[in-house]
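Participant: With chain A held as given, fit chain B onto it using these hints.
Number of protein chains: 2
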Amino acid sequence: MLTLEADVLAKNNALAERNRGWFAGRRTLALNLVSSPGSGKTTLLERTIREIGSELSISVLGGDQETQNDAARIAATGCKVVQINTGTGCHLDAEMVNRGLRALDPPVDSLLMIENVGNLVCPALFDLGERAKVAMLSVTEGEDKPAKYPHMFRAARLMLLTKIDLLPHLDFDVERCIGQALQVNPRIEVLQLSAKSGVGMDRWYDWVRKEWAAQRQDSMV
Amino acid sequence: MLTLEADVLAKNNALAERNRGWFAGRRTLALNLVSSPGSGKTTLLERTIREIGSELSISVLGGDQETQNDAARIAATGCKVVQINTGTGCHLDAEMVNRGLRALDPPVDSLLMIENVGNLVCPALFDLGERAKVAMLSVTEGEDKPAKYPHMFRAARLMLLTKIDLLPHLDFDVERCIGQALQVNPRIEVLQLSAKSGVGMDRWYDWVRKEWAAQRQDSMV
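These protein sequence lines map, in sequence, to chains A and B.
For the first sequence, the tail end lands on 294 under my numbering, and the numbers increase by one without skipping.
For the second sequence, the tail end lands on 294 under my numbering, and the numbers increase by one without skipping.
Simulated from the structure, these hints should not be mistaken for lab results.
You may find that some hints are simply not true.
Computed from the model, here is a short list of chain B residues facing chain A with C-beta under 7 Å [claimed, not checked]:
#1 140
#2 141
#3 192
#4 194
#5 195
#6 221
#7 222
#8 223
#9 224
This one's a predicted model, so the numbers in the text were calculated from it and none came from an experiment.
From the three backbone atoms N, C-alpha and C, an ideal C-beta is built for every residue, glycine too.
The following block holds chain A by itself, in its conformation from the complex:
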C-alpha cells in the first residue's frame, strides 16, 4: 500500500509541475483553497469576486463529490467557473485540475481560485501546481484543529480564520488557535475575517494582490 501511495503521489507531482509551468506561462496566479466542509470557501469566493473580481480577472475551478451547487453560486456572480465532481473521491488531484483548465481556459494575467473538496485531511497530500495552499478554518470548528490536522496546516502558506462575526456567541480562543497553527508551521501567515460582515477582507485582498504581483515576476523566468 505504501509503495502504491508513493507511485500515485509521484505521478501526481509530475503533473502538478506541468500545471505550474502552464500557470507561469500564462502569468496566472493559482491558489488552492482547502478546508473542512462548511468553512465558507464559496462565500469567501463570492465576496472576493464581487469586490476584486474584475481587477484581478478571477476564474474558479471547483471540486465537490456531487452537485453543481457551488458552481451555480459562483456563476451567479458573473465569474467563469468549472466544477469537477469527484464521486467517492476525497480530493482534487493534478490531473483533474489539468482537465479542468482545458475547459475553463483562464485568461493571461489572471487569478485562478481552486476550491478543493471540503476535507481537512486528504487534499494536504496533493500538489495541484498551485502557488500556495490557503487553509481556511472557521471559528465554529474549535481552536485545536491545527494541532489535530497538522499536515494541512504544514502544507498551507496562509491560514484564514473565517466567520469571526460569530465569535461573540462562541467559546473560541483566537490566540490559542494561532499559537497551535504556528507550532505546527512556524512560517504560516494568519488573517482573520468574516466574508459575511466584510471585516478583515481588505487584508485578504492585499495578500492576494501581493501574490498576484509575485506570480507575474516569476513568470518572466
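Facilitator: Same frame as chain A, but now just chain B:
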C-alpha cells in the same frame, strides 16, 4: 487503482465482520460517530457520558491524525478511552478498531462510542463492524452538505443536527437541510440538538437506549 481499492475494502470488510461478531458476543452496542472536523463529536460525547454514561456503561475509541486532546477530554469525564493516531491517514479502519478493542477491553452489556477522524468523505467507505454510523452535521456548516457529501449520509442511519443553539445567528434552513438528507437517504433518521445548551439531548438518549436494547436482542443469536 480501482482493483486495489476493492482489495483494501474487501480485507476491511472481513475484519469488520469479525469486530461485529465480537460486539455481538460481548452484547456491546458500537456506534460510529462521523462528521467534519469541529462538528462537536467530543462535546456530544462529554455530555452523553456525564448524563447516561454509568447507565449504559460507555467507553470510547477515538481516532485523530495527531494529539491526544480528545482522549484527555473524554478521560476527564472518568470514562475509559483509547485514542488511535492515524498520522496522514484520513479514517479509522476495521483493523485499527480491532487493535483498539484489545487495549480498551469494553465490558459486557456496554456501549462503545467510536469517534472517527473528522472527515465527511473517507470514513463513509469503511465498515468498522459498528451497528450504525451516526453522521453529525453542525448548523454552522450550511444546509447543502448532505447533497454535496451524499456517500456519508447514505451510509448513516442517523443524522444529528448539532449546535442548534447558534441558529438565531445563522442563515440556516433546517427544513431544507433535512429535505436534502432525505433525498440522498430516504430512510435516515434526524435529530436536532445542542450539546452545549442541552436541548434535544433527551431524544438522542432515547435513540441510543433503543439501539442498546436491540443490540442485546441480536446478541442472543
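Participant: With reference to the structure, classify each hint as holding or not holding.
Facilitator: Against the structure, the hints come out as follows:
1. 140: Because about 5 Å separates residue 140/B from the closest Cβ in chain A, which is inside the 7 Å limit, the hint holds.
2. 141: violated, 10 Å
3. 192: The hint holds - residue 192/B has a Cβ within 7 Å of chain A, the shortest such distance being about 5 Å.
4. 194: holds, 4 Å
5. 195: This hint holds: residue 195/B lies near chain A, its Cβ roughly 5 Å from the closest one there, short of 7 Å.
6. 221: It holds, given that the least Cβ distance between residue 221/B and chain A is near 5 Å, below 7 Å.
7. 222: holds, 6 Å
8. 223: holds, 5 Å
9. 224: Holds. Min distance 6 Å.
Comparing the model with each earlier hint shows a violation of hint 2 alone; every other hint is respected.
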